[in-house]
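Sequences listed follow chains F and Y, in order. According to the numbering used here, the first sequence is numbered sequentially starting from 1. According to the numbering used here, the second sequence is numbered sequentially starting from 1.
In short, the hints are calculated from the structure, not lab data. We put the CB at the ideal spot given by N, CA and C, even for glycine. Each hint should be verified, as a subset may be incorrect.
Unchecked claim - Derived Cβ-Cβ restraints for the label pairs, each shown as a range: (1) 93(F) - 54(Y): 56 to 66 Å; (2) 32(F) - 113(Y): 23 to 33 Å; (3) 82(F) - 126(Y): 33 to 43 Å; (4) 145(F) - 13(Y): 22 to 32 Å; (5) 56(F) - 274(Y): 30 to 40 Å; (6) 100(Y) - 95(F): 35 to 45 Å; (7) 272(Y) - 35(F): 36 to 46 Å; (8) 7(Y) - 138(F): 52 to 62 Å; (9) 240(F) - 165(Y): 30 to 40 Å; (10) 138(F) - 113(Y): 50 to 60 Å; (11) 113(Y) - 140(F): 50 to 60 Å.
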Amino acid sequence: MLETARQALLTPPESKAAGGPALAVRGLSVFFGRQAAVKNVSVDIATRAVTAIIGPSGCGKSTFLRALNRMHELNPEARMEGEIRLFGDDIYSRHVEAVAVRRRIGMVFQKSNPFPTMSIAENVTVGLRLNGIRNRKILAERAERTLRMAALWDEVKDRLHAPAISLSGGQQQRLCIARALAVQPEVLLMDEPASALDPLATSKIEDLIVQLKKDYTIVIVTHNMQQAARASDFTAFFYLGELVEFGPTAKIFTSPSQKQTEDYVTGRFG
Amino acid sequence: MALAIFVLVLLIGYELLHGSRLSLHQFGWRFLITRDWDVLNEKLGALTFIYGTLVTSAIALLIAVPISVGTAIYLTEVAPLRLRQPLVMFVELLAAIPSVVLGLWGLFVLVPFMRDHVDPSLEKLLGFLPLFKGPIYGIGFLSAGVILAIMIVPIITSVSREILRSVPGLQREAAYALGATRWEVTRIAVLSYAKKGLFGAVILGLGRALGETMAATMVIGNIPNISASLFAPGYTMASVLANEFTEAVSGLYLSALFEVGLALLGVTLVVNAFAQLLLKTFAGPTIKPQH
C-alpha cells in the first residue's frame, strides 16, 4: 500500500479524478472516549471545488476534518464509526495504513508549522524526500513549481536556502501549503489556515485557495463567514457535532433551509 | 544570583591556583604533559590522570548517549501512555543510587563479568585493534567507562525526555500530515527540532562523567598508566584527588594534587567550551519558539 502511494507521487493527481465525489462520507461518527464529537455525518465532497465547513467553536468541524485523513487517530482516545471513501477507496479499510491515506490527503494547520531547522526549499521537498526521491533536479523543479502554485515563488526565489522561520507568518503559512502540495495530494484539508494571519495575508491565502481549486479538491474549516462565502463553492454547517445543512455556498448564505443555519450565518449566534 | 555563581567559580579557581602555586613553580606547564607520578622522588605530572579522565568519559558517552537518547525517544514517542510514568520513575530511581553503592556493585559484579565474559569476547572480535588487546584484569578503563555510562544514563535520559516533550505537537502533526511513519516523524520533526537541546543534555552528562569520583575510583585500578588497551588499569583526576589527599605529607605533593584539581577544572571548562563551539558550528540557528 505504501509502495503504491509512493508510486502515485510521480503521477499528477488529474489522472485519478474521474467523475463522482472526491470524498464520500457515510454515517461518520467520531468519539473521544464516550463523548461523540461528530454524530452520524454523511456528505459528498465535490472534486476540484472548495468545500467550507462552518459552525460555532466545539461543533466538531475540526474533528470531522481530521477524520478525513485519519489525523484524529493521533489522539489515542479517538474512535470512529462509519465509512469514508476517497475516489472509491475505503480509507478505513483494514488493509489501508493511515500513513498511506495521509499521502493522498494533505493537511494545512491553523498555525503555520514549517520545520524550523530546514530551509525554505527543504521544507517544500521534505515530503518527496521522505518518499525516497533524491534526484536534485526533480526536487528543485518540484520546489519551484509548488512554490509558484502557492504564490510564494517571487518572494522567496532569491533565498531558497534561508531558514524557513525567517519568513513572515503569512509566508510561512503559504510555505506550509506548498509543502502539502508538493506530494501532489488528491485532497487538501485546511484547518482555519488564515485564523492567525492579518487581513492582507488572509486575502492572499483566500486568493490562493480559489486558484488551487482548478487542480485540487479542498476542504476548509473556517470561523470566518466572509471567508467561506468568498472562497468556497459548497458549505457545510455543523452544530453540536451534527451536520445541520449542506449545499452550494450561495444557497447556504442567502436562503438556508434550516433556521439554525440562518441564525448562524446572519450572526445571531456563534 | 548569576553574579554569585560567577564569583563562586572565580573563588574556587583562585583557591586551586593558590594551593598549587608550589607545584606550578616547580614543574611549570610541563606538569600537564608529564607522565610520571613518582611521589618519593617528587617527579610529578598529571598526564596519566588527564588521559584516564578523558578516556573513561569518552567510553561513557559512547555507551550512554545512544541508550539515553533512545530511551528518551521511546518514552516520549513510542511507549504506551500507561507505561510512560512508571518507566520514568525507574530511570529517576537509577539516578538516585549513591555512586559508592554503584562502585561496590561495579567491583563485585561488573568487574568479574567484564573479566570473564565481555573483555574476552571483545578481544576475540575486535582484538586486531590496539584498543582491545592486552592482558585482561577486569578493572580498568573499560569497566570504569561502563560504570560512568550507567551513572550518566539517567541524567541524559531525563533531560533529553524534557527536551523531546517540549517539541510542539504541531511539528509532529506537520510530519504526520505528509504521510510520515512514526519513525520518520521522530526523525524529521522531533529530533531535528530538538537536536540542540539534546546536545546540551549530552554535555550535562559529560560534565558529570568528567567529575565523577567514587564509582570510577572503585573499578579503574588506580594505577597511573597510559595505555592503548582499554583493558588496562588507569587512574582519573578525580580518583587521584580522592585517594591521595589524606596521604599527601610533603608540601609539594599536596600542591601537585591541587594542581591536578586545577587541571580537572580546566579540562572541564575546555571540553565544555569545545562542545559549545561544536554546537554553534553544526547545530544551525537557534530555534525561536513559535507562537
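So, going through the hints one by one against the coordinates:
no. : hint                        : in the structure
1   : 93(F) - 54(Y): 56 to 66 Å   : holds (57 Å)
2   : 32(F) - 113(Y): 23 to 33 Å  : violated (50 Å)
3   : 82(F) - 126(Y): 33 to 43 Å  : violated (58 Å)
4   : 145(F) - 13(Y): 22 to 32 Å  : violated (60 Å)
5   : 56(F) - 274(Y): 30 to 40 Å  : violated (57 Å)
6   : 100(Y) - 95(F): 35 to 45 Å  : violated (58 Å)
7   : 272(Y) - 35(F): 36 to 46 Å  : violated (51 Å)
8   : 7(Y) - 138(F): 52 to 62 Å   : holds (59 Å)
9   : 240(F) - 165(Y): 30 to 40 Å : holds (34 Å)
10  : 138(F) - 113(Y): 50 to 60 Å : holds (53 Å)
11  : 113(Y) - 140(F): 50 to 60 Å : holds (55 Å)
Violated hints, in rising order: 2, 3, 4, 5, 6 and 7; the structure is consistent with all others.
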